[in-house]
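Trainee: Take the given structure of chain A and dock chain B to it, following the hints.
Okay, here's what each chain looks like letter by letter:
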Amino acid sequence: MSTQESTTARSRGKAPAGERVADWADGRLGIYSLAKANMRKIFPDHWSFMLGEVCLYSFLIIILTGVYLTLFFHPSMNEVEYHGSYVPLQGQLMSEAYKSTLDISFDVRGGLLIRQIHHWAAIVFLAGMFVHMMRVFFTGAFRKPREINWLFGFLLFVLGMFTGFTGYSLPDDLLSGTGVRFTQGAILSVPIVGTYISMFLFGGEFPGDDMVARFYSIHILLLPGIMLGLVVAHLILVFYHKHTQFAGPGKTNKNVVGMPLLPVYMAKAGGFFFLVFGVIAILAGIATVNPIWALGPYRPDQVSTGAQPDWYMGFAEGLVRAMPGWEINFWGHTLVLGVFIPLAIFGLFLAAIALYPFIESWVTGDKREHHILDRPRNAPTRTGLGVAWVTAYMIMLIGGGNDIIATHFHLSINAVTWFVRIGFFVGPVVAFVITKRICLGLQRRDKDKVLHGREAGIIKRLPHGEFIEVHEPLSQEQLYTLTAHEQYRPAEIGPAVDDNGVERKAKGSQKLRAKLSKAYYGEGSQIPKPTVEEYKEITSGHGHH
Amino acid sequence: MFAPADKAQADETAQSLAIEEGKQLYSVGCATCHGTDGQGTTDGPSLVGVGAAAVDFQVATGRMPAQQPGAQVPKKKNIYSQAEIDQLAAYIASLGAGPSIPTEEQYGPEGADIAKGGELFRTNCAQCHNFTGKGGALTHGKFAPNLEGVSAKHIYEAMQTGPQNMPSFPDSTLTEQNKKDIIAYLDAVNGEDTVSRGGLELGGIGPVAEGLFGWIFGLGTLIAVAVWVAARTAKAKKS
Numbered sequence: 107m108s109t110q111e112s113t114t115a116r117s118r119g120k121a122p123a124g125e126r127v128a129d130w131a132d133g134r135l136g137i138y139s140l141a142k143a144n145m146r147k148i149f150p151d152h153w154s155f156m157l158g159e160v161c162l163y164s165f166l167i168i169i170l171t172g173v174y175l176t177l178f179f180h181p182s183m184n185e186v187e188y189h190g191s192y193v194p195l196q197g198q199l200m201s202e203a204y205k206s207t208l209d210i211s212f213d214v215r216g217g218l219l220i221r222q223i224h225h226w227a228a229i230v231f232l233a234g235m236f237v238h239m240m241r242v243f244f245t246g247a248f249r250k251p252r253e254i255n256w257l258f259g260f261l262l263f264v265l266g267m268f269t270g271f272t273g274y275s276l277p278d279d280l281l282s283g284t285g286v287r288f289t290q291g292a293i294l295s296v297p298i299v300g301t302y303i304s305m306f307l308f309g310g311e312f313p314g315d316d317m318v319a320r321f322y323s324i325h326i327l328l329l330p331g332i333m334l335g336l337v338v339a340h341l342i343l344v345f346y347h348k349h350t351q352f353a354g355p356g357k358t359n360k361n362v363v364g365m366p367l368l369p370v371y372m373a374k375a376g377g378f379f380f381l382v383f384g385v386i387a388i389l390a391g392i393a394t395v396n397p398i399w400a401l402g403p404y405r406p407d408q409v410s411t412g413a414q415p416d417w418y419m420g421f422a423e424g425l426v427r428a429m430p431g432w433e434i435n436f437w438g439h440t441l442v443l444g445v446f447i448p449l450a451i452f453g454l455f456l457a458a459i460a461l462y463p464f465i466e467s468w469v470t471g472d473k474r475e476h477h478i479l480d481r482p483r484n485a486p487t488r489t490g491l492g493v494a495w496v497t498a499y500m501i502m503l504i505g506g507g508n509d510i511i512a513t514h515f516h517l518s519i520n521a522v523t524w525f526v527r528i529g530f531f532v533g534p535v536v537a538f539v540i541t542k543r544i545c546l547g548l549q550r551r552d553k554d555k556v557l558h559g560r561e562a563g564i565i566k567r568l569p570h571g572e573f574i575e576v577h578e579p580l581s582q583e584q585l586y587t588l589t590a591h592e593q594y595r596p597a598e599i600g601p602a603v604d605d606n607g608v609e610r611k612a613k614g615s616q617k618l619r620a621k622l623s624k625a626y627y628g629e630g631s632q633i634p635k636p637t638v639e640e641y642k643e644i645t646s647g648h649g650h651h
Numbered sequence: 488m489f490a491p492a493d494k495a496q497a498d499e500t501a502q503s504l505a506i507e508e509g510k511q512l513y514s515v516g517c518a519t520c521h522g523t524d525g526q527g528t529t530d531g532p533s534l535v536g537v538g539a540a541a542v543d544f545q546v547a548t549g550r551m552p553a554q555q556p557g558a559q560v561p562k563k564k565n566i567y568s569q570a571e572i573d574q575l576a577a578y579i580a581s582l583g584a585g586p587s588i589p590t591e592e593q594y595g596p597e598g599a600d601i602a603k604g605g606e607l608f609r610t611n612c613a614q615c616h617n618f619t620g621k622g623g624a625l626t627h628g629k630f631a632p633n634l635e636g637v638s639a640k641h642i643y644e645a646m647q648t649g650p651q652n653m654p655s656f657p658d659s660t661l662t663e664q665n666k667k668d669i670i671a672y673l674d675a676v677n678g679e680d681t682v683s684r685g686g687l688e689l690g691g692i693g694p695v696a697e698g699l700f701g702w703i704f705g706l707g708t709l710i711a712v713a714v715w716v717a718a719r720t721a722k723a724k725k726s
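Sequence lines, in order, name chains A and B.
Read left to right, the first sequence gives residues 107 to 651 (this note's numbering).
Read left to right, the second sequence gives residues 488 to 726 (this note's numbering).
Just chain A, with the same shape it has in the complex (with noise of 0.2 Å):
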């Protein structure tokens, strides 16, 4: 603000309060000229950009709640004798920790809700990461200049899984204590450092005492404080590069049509705070999650059936109830193949959704800003991979939960793991190669809706006795939003022989790459988009059907 226009305004009086409080704020934080480029700052309307919006909410909840139960919870490994409120566990041993996860639980007003909102939302923020991801993964929204946003995302759904992993050990009940068990024995099947990383974690042998109090650290301060900077800086990454939009009629790829900031999207996403609060409460307020009571204090002596992780953790629990037991002896030393080889693959498998941004971009040569999102079919080799991706890890999950399938419906556990083992390496071929061919199709239904209209489901019958089905040619936003997508052709190797006639080499990595290359953007793998001289010799010509 210029002074100038200030002094005019006290001229004609006292400026209005709110005027004032906004000018004493600008003054000291120099929040207007933030304010004036970001407010009518533009987001494109569809209901899966709100997806992160879900995320974002529920790691809010998630937070709250957090705060709240850190008030009542205890992270000791003391022992102590319960006589709180459930009848069934008086008298026994158990740690504080797990007393006073009991106490919330029972004695604490509304500590069951919140307890249970917690859990909830955990489980639905994890889940809302996934469906994210995927929708950025689907659309190519991941591809220059979003490349570091995506790895920024990843980060928060790896280090959301271990966030959660630590929560649920924190109760230090039956349950948990098996799945800190199973991650411990993972530890140990690291060649080498394993047992030196296992007794530096837990403090010298498993358990311990100081687990719980470790864990808690872990899972209250180090990595939800790194968690908000990362959604921090995810959103100021969001902000910079604008959101992205799906093709259509005045969308290109240097605007951003949609609605403001404010007042519009502040509305509708603080209404959707609160939509998102109440489905959370209400699955809280109805469905149980994790009885900590009915599961018993941990002790290493006992273990139950049906022990799993929460459900973003069954994926590593699915590789090693899917992996042979396999192990070598070497010079007195064992390496626990059965466990060690789960942990790579577990970690081979989250790389590889990772990376991907560059390695699609190194394989198609495409270093361009793209602010366009792909409709999946348009890119079916991608959509591909990534079906294959999220079917590996779906059958990892049935892997993870084979005698939950096992008991329910009526089958061997050894058949289901041995479907499992199976399915994890034909599965996602079987998926690529399903899912390339649908978007193959619905690309050719595309180009058939170009040029020959939309069925319009009328039968007319024509002079001569002949049937036809009328077809409605598309209004010219249709037309435009069919065939705005880009069609790339596979990058070449080049010519065999350089200027001088001389044979030029070709190095390996630029031969693989040519082949990727085909792979993505041969001929098998899109349909050619109607051209303009296609359409109008069609659209002349008389008797088309």
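Careful: at least some of the hints might be erroneous.
Said to hold, decoys possible - Coverage of chain A stretches by chain B, computed from C-beta distances (three or more under 8 Å per stretch; other residues unrestricted):
1) 201 to 208
2) 224 to 230
3) 619 to 627
What the hints assert, rightly or not - Now the in silico label distances, taken between C-beta atoms and shown as ranges:
4) Gln593(B) - Arg320(A): 43 to 53 Å
5) Ala121(A) - Thr720(B): 45 to 55 Å
6) Gly335(A) - Gln664(B): 56 to 66 Å
7) Ala584(B) - Leu441(A): 33 to 43 Å
8) Thr720(B) - Ile137(A): 24 to 34 Å
9) Phe455(A) - Gln664(B): 31 to 41 Å
10) Ile388(A) - Val535(B): 35 to 45 Å
11) Tyr138(A) - Ala717(B): 43 to 53 Å
12) Ala131(A) - Ser683(B): 44 to 54 Å
13) Ala570(B) - Val536(A): 55 to 65 Å
14) Ala718(B) - Arg567(A): 31 to 41 Å
15) Ala458(A) - Gly649(B): 33 to 43 Å
16) Glu571(B) - Asn184(A): 54 to 64 Å
Keep in mind the hints are simulated off the structure, nothing from the lab.
All values reported here derive from a predicted model rather than from experimental measurement.
We put the CB at the ideal spot given by N, CA and C, even for glycine.
Mentor: Just chain B now, kept in the frame of chain A:
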């Protein structure tokens, strides 16, 4: 003076009559697999020494006579009356000494320590039957059944005799008092009138059910809400 002798004789007669009746029932329903004298065949184990408790459990829960061979014989509708079961049990008990049918005093709730029962259950039973007896999978299609709705007597008999794939827990392993405690614990956490403190129990089988519920009803509802919110966009004013 002669009355007790008469009574004893009457009891003996009643007993031998029951055995006789039981043998006839046995010949019809059981002999195909267990052999004409309970000695066992390739299709069914010997019943010598399994005791009356085993017969009462297997027949009263409908598991025996088995409908078909398989990984495990499931529970089904029982078509024998208690009197017939007692006759069958008397016949099998006559083949060799084994655990007898427990009395109400043994499996009833009086004097049971629920919390101790919980500890015993988690130490001895939860590996197969889950934390609160919801059941679990064993290898090759075998399973540990859900214990909800199983009568106290049958739970006692199952521990005593170890039916099918279950190991037996004779009194030397789990004392009468231990068994009583376990039964009382199960009634408290997995009985017909157990209150689920946190709302819908979702089967009581842990995170798999919770994850499915969270995805379908949690995220599913939120996506529906998102679609609804996105469909209601502010309309630009026409100038």
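Trainee: Evaluate each hint against the coordinates.
Mentor: Here is how each hint holds up against the structure:
1. 201 to 208: violated (count 0)
2. 224 to 230: Result for this restraint: holds, n = 3.
3. 619 to 627: violated (count 0)
4. Gln593(B) - Arg320(A): 43 to 53 Å: Once the Cβ atoms are compared, 47 Å apart, the range 43 to 53 Å for Arg320(A) and Gln593(B) holds.
5. Ala121(A) - Thr720(B): 45 to 55 Å: Because 35 Å falls outside the window, the suggested range is violated.
6. Gly335(A) - Gln664(B): 56 to 66 Å: 57 Å, holds
7. Ala584(B) - Leu441(A): 33 to 43 Å: 52 Å, violated
8. Thr720(B) - Ile137(A): 24 to 34 Å: Between Thr720(B) and Ile137(A), where Cβ atoms are some 28 Å apart, the hint holds.
9. Phe455(A) - Gln664(B): 31 to 41 Å: Roughly 51 Å apart at Cβ, these two residues miss the hinted range, so it is violated.
10. Ile388(A) - Val535(B): 35 to 45 Å: Violated: the Cβ-Cβ distance is about 60 Å, outside 35 to 45 Å.
11. Tyr138(A) - Ala717(B): 43 to 53 Å: 31 Å, violated
12. Ala131(A) - Ser683(B): 44 to 54 Å: Between Ala131(A) and Ser683(B), where Cβ atoms are some 51 Å apart, the hint holds.
13. Ala570(B) - Val536(A): 55 to 65 Å: Distance hint for Ala570(B), Val536(A) holds at roughly 59 Å.
14. Ala718(B) - Arg567(A): 31 to 41 Å: 40 Å, holds
15. Ala458(A) - Gly649(B): 33 to 43 Å: 49 Å, violated
16. Glu571(B) - Asn184(A): 54 to 64 Å: 57 Å, holds
Checked against the numbered hints listed earlier, the structure breaks hints 1, 3, 5, 7, 9, 10, 11, 15; every other hint is satisfied.
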